[in-house]
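Just so you know, the protein sequences line up as chains A and B, in that order. One point on numbering: in numbering that gives the first Met the number 0, the residue at position 12 of the first sequence is 11, and numbering is uninterrupted. One point on numbering: in numbering that gives the first Met the number 0, the residue at position 180 of the second sequence is 179, and numbering is uninterrupted.
Bear in mind the hints are in silico, worked out from the structure with no lab data behind them. Just so you know, even glycine gets a beta-carbon here, dropped at the ideal spot from N, CA and C. Where hints are given, some of them may not hold.
[To be verified] Simulated restraints on C-beta separations: (1) 24/A <-> 14/B: 39 to 45 Å; (2) 69/B <-> 7/A: 51 to 57 Å; (3) 15/A <-> 3/B: 28 to 34 Å; (4) 31/B <-> 45/A: 33 to 39 Å; (5) 69/B <-> 29/A: 45 to 51 Å; (6) 45/A <-> 208/B: 16 to 22 Å; (7) 73/B <-> 29/A: 38 to 44 Å.
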Amino acid sequence: MRTRISAARIHSDFVRQIEESSGQALLACNQCGRCSAGCPVVAAMDLLPNQVIRLAQLGIEEVLESNTLWLCASCLACVTRCPKGVDLPRLMEALRLISLRRGVTRLDLNALPPELVKALPQLAIVGGYRKYVK
Amino acid sequence: MVTRIPYFPGCTLATQAREYDRSARAVAQALGFELVELLDWQCCGATFPLSLDDSMALIAPTRVLYQAQQAGERVVTLCAICFHVLRRTQALLARDPAMLERINWFTGQEYQGVRVVHFLEILRDEVGWENLRARVQNPISMRLAPYYGCLLLRPHDEIGLDDPEQPTILHELLRALGAEVVDFPYSIECCGSYLTVKEPRISETLAQEIVASARECGAQAIVTACPLCQFNLEYPQREARKMPVLYFTRLMEMALVGAID
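Sequences are here, hints too, so could you generate the full structure?
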């Protein structure tokens, strides 16, 4: 797949929206990869966490299709380790919100095994709805 | 003299994790504290909003902070997630007067500020490990793996409970109870958190790695302060010999008050 990189995309509303919503400067990330090296869920992700940042820096909206946004558990291990002080979970949340505000819903409790739903602690259900539904 | 501390149990300690609530109250009583439940509380929202344009999500935790403010200058929590959400909301509203005004305008309540503490901090900073050790009636003769998880420690600049990479607070507590502490490499790795409602197979994989690591290092049980970690680590275990995942207050209760089962 060829991806067109352009100044217009780099300075697009999409990029501005991510930075405003997250309070993070995307270009602070220099792609060292420490976030991905320590991410506990990385094995299940289609893009590495640092690759999500790279696509966002370039204003490539297809990043919204990555499962990585929805697999980030907001555990904040990467925040502790980023040498540039980038709060990656805030970037992930900004991307999730852009997607959720376009009407995407990412939680279906009916798809879960009923015995699991019965056993779940309340905070998992409340938290799940707050994370994956708007 | 009994020190009364305003206490926010949170939704899960009032339901699935009643053992955590009950044992903490018993332990507090044994140490000369009374956990006084807030009068009219509701869920804290269970997530701290990570974006700057999602102020709706601050309303629930701010209401809790307001209820706490009515009760005193500080509020104690046990659930690691409630603690995380409330302490970060408190920190955010302390540094962002415009947001504070906005939320207060919406709720119609005059929240100003309150200190959020975790029960572990009271044990460390007010009871002290030596004092605690002296009160142990039944030393815990077990090999225990302290599991911190994420939200009790991170982000360090707002939570500040302990070192975010090499915490010791649970280690020291368990040692004071007489237990042998097992260091294991997954002590601060995420259990999958809310992924358990969305991608249960992935959170199960994470949990199995954590439990297997504790087992390889010789632990007889894992110790936690978080009801979500407790669930995520214990629920998926299908082995005949399960690794128990215990709240630290249960072990304290055994050590201070006596064996209960």
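Practice task
Please flag the earlier hints that this structure goes against, numbers listed from lowest up.
Solution key: 3 and 4
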